[in-house]
Amino acid sequence: MPKKILIIPSWYPNSDNELVGTFFREQAHLLNANGFDIKILFGVEHEVGFFKYLFLRFKQLFSKKQTIHNTYLKQNPEALSFNSYQYKKWPKKWKLKSRKKQYQQAYKTITKHWKPELIHAQCSANGGIYAHYLSKLNKVPFVIIEHQTFLLNYYNKYVQKGIREAVENAYKIGAVSHHQKRCILMNSMDCNPFVIWNLTDENKFEIGTKRPQKKFTILTITYPHLIKDTETFIRSLEAFQAICADDFEAIIIGNDSFNDSSKANSSHFETLAKKHQVFDKCTFYPQLTREEINSQLQTCDVFVSTSVAETYGVAVREAMLCGKPVIATKSGGVEDSITAETGVLVNLKDAEAIAVNLLRIKDKNIIFSPETIRNFIIGQSGRDAFIKTMTNFYN
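When the letters of the sequence shown are read in order and numbered with the working numbering, they come out as residues 1 to 395.
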């Protein structure tokens, strides 16, 4: 019988934003088709005014049951959601306590005819906190894989306490890179994380066919946060423009609308490009489908990542599956996959070094094998490698 796994993600693709947490769904889908029986449970958080909260509470009391939906989250595997309402002026401690109780109510509803053998939290905040609570009440072991930047002091003290208790009481802890493992342990956590590289699905990305001669094309995927340091990318274009005799193009994919894709725009990046006088070299895409991103990756010449910190670097690995060399800052997670045969590492904020290496790649002073780059990633975190790693982790 396939082992039953209940995944508690900290975010997940949904009707409002199909791209957020896509890799959580892709991983669950692959595992569900290869020896596991996977279900997703996710509470959609809403903070509301006092009168609306009272109305919703009375409504819930009269109905005497919690409504579980299978339409809001993207399906396959089965993904169940419930609305989690809190009064917006409650203290953080009360909100967290309320959400944990709502997760337990939802758990009791979905486990009447299907009981998990293991609970898997995707990220400690706050999926790990909820998984730990469910584990204690229902006597089911739980594991956590940490994906996001692990800065404990970023959180309210009650969330910090919940994260620490979850991490230190989990059956197993996973980290998506050696850098991520180090970050967890630097917070004085009493645990020993396994390194679990994210799935990079070779069936979704491929090396593009030869294309007619065109402008040298540089690609990045980012969003306007200091941790992505997009200004260093733009400054590298400015420096490259000063030393490159030929025309070139930069493709910038990204926006800052994490929760509402209808508000996606490129205004932040456009402002930076104008500031550094490279606007005419840039093409901006606020939002693309996975298929459109694949197409852009196949036709670019090089992928650039200028992050200050990357827990893993999904976009970097997807570019490598397309056989593209990567120039990346020494941001942590990407360093597990970038070698002399797959790309170039530079120091943080070193726009000039990026520009010099762009020119070296353009002029073929350094040459990379697309097949070597792709095969390296497949061997490290392709479908078979990921299934094997997760099977060992779940046992």
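These are computed hints drawn from the structure, not numbers from a lab. Mixed in with the good hints there might be a few duds.
Now the in silico label distances, taken between C-beta atoms and shown as ranges [as the list claims (entries may be wrong)]: (1) P370 <-> P91: 14 to 24 angstroms; (2) N192 <-> R360: 39 to 49 angstroms; (3) K89 <-> K214: 49 to 59 angstroms; (4) H178 <-> F62: 44 to 54 angstroms; (5) N347 <-> K204: 44 to 54 angstroms; (6) T289 <-> D246: 28 to 38 angstroms; (7) K108 <-> I227: 34 to 44 angstroms.
These numbers come from a predicted model, not from an experiment. Each residue gets a CB set at the ideal place from its N, CA and C atoms; glycine is no exception.
Status of each hint after checking the structure:
1. P370 <-> P91: 14 to 24 angstroms: violated (54 angstroms)
2. N192 <-> R360: 39 to 49 angstroms: For N192 and R360 the Cβ distance comes to about 40 angstroms; the hint holds.
3. K89 <-> K214: 49 to 59 angstroms: holds (56 angstroms)
4. H178 <-> F62: 44 to 54 angstroms: Holds, at about 53 angstroms.
5. N347 <-> K204: 44 to 54 angstroms: Cβ of N347 to Cβ of K204: about 32 angstroms, so the range 44 to 54 angstroms is violated.
6. T289 <-> D246: 28 to 38 angstroms: Once the Cβ atoms are compared, 31 angstroms apart, the range 28 to 38 angstroms for D246 and T289 holds.
7. K108 <-> I227: 34 to 44 angstroms: 38 angstroms Cβ-Cβ, so the 34 to 44 angstroms window holds.
Checked against the numbered hints listed earlier, the structure breaks hints 1, 5; every other hint is satisfied.
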